[in-house]
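There are 2 protein chains.
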Amino acid sequence: MKTRYSLLFLAFSVSLVFYLGSCSGKKQQQSTEKERLPYALVIHGGAGTIKPKNMDAETKAQYEKALNEALDIGENILKNGGTALDAVENVIVYLENSPLFNAGKGAVFTYEGHNELDASIMDGKTHKAGAVGGVTIVKNPIRAARAVMEKSPHVLLTCAGANRFAIEQGLDTVSPEYFYTESRWEALQRRLEKEKKKEPVGAREEPDAHKFGTVGCVALDKQGNLAAGTSTGGLTAKRWNRIGDSPIIGAGTYADNATCAVSCTGHGEYFIREAVAHDMSARMAYLGESVQEAGEHIINEKLKAIGGAGGLIAIDQYGQIAMPFNTSGMYRGYVTPDERKVGIFK
Amino acid sequence: MKTRYSLLFLAFSVSLVFYLGSCSGKKQQQSTEKERLPYALVIHGGAGTIKPKNMDAETKAQYEKALNEALDIGENILKNGGTALDAVENVIVYLENSPLFNAGKGAVFTYEGHNELDASIMDGKTHKAGAVGGVTIVKNPIRAARAVMEKSPHVLLTCAGANRFAIEQGLDTVSPEYFYTESRWEALQRRLEKEKKKEPVGAREEPDAHKFGTVGCVALDKQGNLAAGTSTGGLTAKRWNRIGDSPIIGAGTYADNATCAVSCTGHGEYFIREAVAHDMSARMAYLGESVQEAGEHIINEKLKAIGGAGGLIAIDQYGQIAMPFNTSGMYRGYVTPDERKVGIFK
Numbered sequence: 001m002k003t004r005y006s007l008l009f010l011a012f013s014v015s016l017v018f019y020l021g022s023c024s025g026k027k028q029q030q031s032t033e034k035e036r037l038p039y040a041l042v043i044h045g046g047a048g049t050i051k052p053k054n055m056d057a058e059t060k061a062q063y064e065k066a067l068n069e070a071l072d073i074g075e076n077i078l079k080n081g082g083t084a085l086d087a088v089e090n091v092i093v094y095l096e097n098s099p100l101f102n103a104g105k106g107a108v109f110t111y112e113g114h115n116e117l118d119a120s121i122m123d124g125k126t127h128k129a130g131a132v133g134g135v136t137i138v139k140n141p142i143r144a145a146r147a148v149m150e151k152s153p154h155v156l157l158t159c160a161g162a163n164r165f166a167i168e169q170g171l172d173t174v175s176p177e178y179f180y181t182e183s184r185w186e187a188l189q190r191r192l193e194k195e196k197k198k199e200p201v202g203a204r205e206e207p208d209a210h211k212f213g214t215v216g217c218v219a220l221d222k223q224g225n226l227a228a229g230t231s232t233g234g235l236t237a238k239r240w241n242r243i244g245d246s247p248i249i250g251a252g253t254y255a256d257n258a259t260c261a262v263s264c265t266g267h268g269e270y271f272i273r274e275a276v277a278h279d280m281s282a283r284m285a286y287l288g289e290s291v292q293e294a295g296e297h298i299i300n301e302k303l304k305a306i307g308g309a310g311g312l313i314a315i316d317q318y319g320q321i322a323m324p325f326n327t328s329g330m331y332r333g334y335v336t337p338d339e340r341k342v343g344i345f346k
Numbered sequence: 001m002k003t004r005y006s007l008l009f010l011a012f013s014v015s016l017v018f019y020l021g022s023c024s025g026k027k028q029q030q031s032t033e034k035e036r037l038p039y040a041l042v043i044h045g046g047a048g049t050i051k052p053k054n055m056d057a058e059t060k061a062q063y064e065k066a067l068n069e070a071l072d073i074g075e076n077i078l079k080n081g082g083t084a085l086d087a088v089e090n091v092i093v094y095l096e097n098s099p100l101f102n103a104g105k106g107a108v109f110t111y112e113g114h115n116e117l118d119a120s121i122m123d124g125k126t127h128k129a130g131a132v133g134g135v136t137i138v139k140n141p142i143r144a145a146r147a148v149m150e151k152s153p154h155v156l157l158t159c160a161g162a163n164r165f166a167i168e169q170g171l172d173t174v175s176p177e178y179f180y181t182e183s184r185w186e187a188l189q190r191r192l193e194k195e196k197k198k199e200p201v202g203a204r205e206e207p208d209a210h211k212f213g214t215v216g217c218v219a220l221d222k223q224g225n226l227a228a229g230t231s232t233g234g235l236t237a238k239r240w241n242r243i244g245d246s247p248i249i250g251a252g253t254y255a256d257n258a259t260c261a262v263s264c265t266g267h268g269e270y271f272i273r274e275a276v277a278h279d280m281s282a283r284m285a286y287l288g289e290s291v292q293e294a295g296e297h298i299i300n301e302k303l304k305a306i307g308g309a310g311g312l313i314a315i316d317q318y319g320q321i322a323m324p325f326n327t328s329g330m331y332r333g334y335v336t337p338d339e340r341k342v343g344i345f346k
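Just so you know, the protein sequences line up as chains X and B, in that order. Just so we're aligned: 248 in this note's numbering is position 248 of the first sequence, and the numbers increase by one with no gaps anywhere. Just so we're aligned: 157 in this note's numbering is position 157 of the second sequence, and the numbers increase by one with no gaps anywhere.
Keep in mind that the hints are not guaranteed to be accurate.
It does not matter which identical chain is used: a pair holds within one copy or between any two.
Result set (EDC-like, lysine to aspartate or glutamate): computed pairs, CA atoms no more than 20 Å apart in a straight line [to be verified]:
id: 1; residue 1: Lys128; residue 2: Glu301
id: 2; residue 1: Lys151; residue 2: Glu195
id: 3; residue 1: Lys151; residue 2: Glu112
id: 4; residue 1: Lys79; residue 2: Asp338
id: 5; residue 1: Lys125; residue 2: Glu301
id: 6; residue 1: Lys196; residue 2: Glu168
id: 7; residue 1: Lys60; residue 2: Glu150
id: 8; residue 1: Lys222; residue 2: Glu35
id: 9; residue 1: Lys53; residue 2: Glu75
If you are wondering where the hints come from, they were derived from the structure by calculation, not from laboratory data.
Generate coordinates for the entire structure from the input sequences, incorporating the hints supplied.
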């Protein structure tokens with residue numbers, strides 16, 4: 001009789017361990033096993049059709065140099081105890097000022113031949129956020145996004161109003177011609193030619209590095225706070241003051257200290273429809289997924305299945321990072337106290 | 001020996017049932033117990049400080065009549081086999097045309113004394129979505145949102161570009177003066193007076209029915225498809241082409257046949273920062289919560305804790321509905337083949 005009860009007890013115990021392990025074990029395991037890095041920072045410069053055969057050694061070296069310089073700026077801030085928000089903002093300012101990327105100087109042209117810039121930033125500690133859509137004279141849209149977060153009661157300002165707000169805040173403004181770059185102008189001409197020949201206006205866009213050069217940055221600082229930011233010129237030949245996912249909190253950008261900070265790049269319409277940045281946070285919070293598992297699922301399963309080209313960068317509260325993309329390349333890099341890497345191709 | 005094995009088997013079986021029941025039982029239980037209603041539709045006309053003592057019988061009757069007429073329009077479409085999208089669009093057109101609500105005719109005024117309208121719509125079957133932000137001459141912004149979804153490659157168009165798109169699509173346009181209503185103009189003057197006296201520009205807004213009169217509709221049709229839509233004039237005295245949550249997919253509006261259709265109303269900035277509409281869908285998908293549980297948690301716990309005033313309407317694939325709000329009132333109503341109700345106060 002005694003043996004029987006022992007066996008019963010054993011069976012129940014094994015089952016209980018099995019039950020607890022299956023339902024909530026994943027999260028517990030992570031928090032005890034992982035050590036928190038003092039700081040970490042991840043950047044992207046856009047995902048798209050970026051193949052080794054289409055890129056000469058000099059161009060590759062230029063991109064790698066720019067990515068490394070961006071990491072330097074962020075690392076310097078974080079190493080010295082600066083905030084994740086400051087790191088994200090200043091790294092993105094650097095990327096906006098580089099003509100290599102589709103953000104700030106280097107932004108693509110709209111159908112009508114203008115440059116309309118979008119950016120957003122979010123603080124993982126407070127859930128405060130700011131964004132601008134369609135600004136045309138703001139030198140660094142990410143600074144305008146931060147000013148919206150800190151100096152206005154709103155989250156998203158657009159078009160002429162957002163320009164006006166930036167002027168009132170004393171931010172650097174430029175003449176619209178500042179954003180002209182030859183390569184982006186030519187990209188627009190090629191696109192308009194293509195449209196004239198066959199593609200009907202309004203056709204879904206093909207993935208293309210020149211269209212998807214959004215920049216973004218996510219960071220963890222020494223205080224344990226996360227932040228995320230994204231900045232872009234949008235899609236080449238976009239029309240009707242179109243706004244993509246980059247300035248949309250929950251689509252292109254999200255940050256929550258309890259889960260992760262995320263910045264997306266790709267065909268923005270798909271990222272809006274799937275609320276990609278918030279979905280990263282939700283999968284980690286509700287399913288107990290790691291930042292890598294959530295990123296892999298969303299980019300390489302969910303988005304791939306519906307033809308949504310692009311990628312994202314994400315970082316969790318331990319400094320664990322993910323940089324999944326479903327295109328042939330994504331300009332990217334990360335830095336921690338122990339490691340630094342930049343990459344372009346798959 | 002045989003008895004021992006039997007007992008062991010029994011113990012494991014009981015434990016297995018316990019395990020399955022705890023981890024995924026909620027969802028299974030729902031799908032077997034619940035019957036799917038042939039159709040159902042829910043509407044809101046905004047949440048805010050709406051108290052019986054501030055509303056005379058005549059005004060109350062006007063609102064109830066309008067809510068019932070909106071339900072008539074939706075029910076008629078759904079009963080005759082029309083789509084959830086058509087029901088949502090046409091119900092919102094009716095609410096936009098009524099001066100009682102802060103959407104279309106009846107929209108609040110911006111700081112500069114203009115009317116800038118936002119709207120969005122989403123199809124739960126395809127995840128396709130369309131939205132406009134800051135249109136000024138489009139009689140029915142919800143029709144423009146649907147045109148963006150169906151006739152453009154984009155999801156969100158804004159400001160002058162969105163106006164132009166609506167004209168190109170042949171939608172009804174009006175002179176900006178069409179949107180003038182005396183009560184909204186007076187609300188702006190009161191607000192500006194208040195600001196002059198004490199409140200600094202940029203102070204967080206207080207909940208107020210005149211500020212939060214957004215309209216929305218969610219529906220389940222006979223084909224089992226869900227759709228959601230939202231339309232608004234935004235916040236009284238909003239500035240700098242501010243856009244709130246209403247045209248943001250994932251914030252003010254979301255629809256997914258697998259989970260729910262949602263339309264939000266309230267202090268939009270909070271709804272953007274918490275990605276409320278997508279969070280409804282995520283909690284149902286990942287935590288197995290019912291539409292009521294998810295709505296209750298988000299509105300009366302999460303948002304309440306951070307001072308985010310407002311409410312939402314939601315419907316799941318079975319026609320189960322939720323209408324939570326954390327303000328003193330929300331104009332609302334629902335209709336199913338068996339039941340119809342409209343309400344204003346708590």
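Structure-based check of all given hints:
When the C-alpha separation of Lys128 and Glu301 is checked against a cutoff of 20 Å, the pair qualifies only between copies, where the shortest distance is 18 Å, while the shortest distance within a copy is 30 Å. Proximity of Lys151 and Glu195 under a CA criterion of 20 Å is satisfied inter-copy only: 16 Å between copies versus 42 Å inside one chain copy. In this homomeric assembly, Lys151 and Glu112 come within 20 Å of each other (Cα to Cα) only across copies, at 19 Å, whereas the closest approach inside a single copy is 32 Å. Taking identical chains as interchangeable, the C-alpha atoms of Lys79 and Asp338 lie at most 20 Å apart only when both belong to the same chain, with a minimum of 12 Å there against 64 Å between chains.
In this assembly of identical chains, the alpha carbons of Lys125 and Glu301 lie at most 20 Å apart only when taken from different copies (18 Å versus 30 Å within one copy). Taking CA atoms no more than 20 Å apart as the test, Lys196 paired with Glu168 passes between copies only; the shortest distance there is 19 Å, against 41 Å inside one copy. Within a single copy, Lys60 and Glu150 get their C-alpha atoms no closer than 37 Å, and across copies no closer than 40 Å, so neither meets the 20 Å cut-off. Within a single copy, Lys222 and Glu35 get their C-alpha atoms as close as 13 Å, which meets the 20 Å cut-off; across copies the closest is 52 Å, which misses it.
Within a single copy, Lys53 and Glu75 get their C-alpha atoms no closer than 32 Å, and across copies no closer than 59 Å, so neither meets the 20 Å cut-off.
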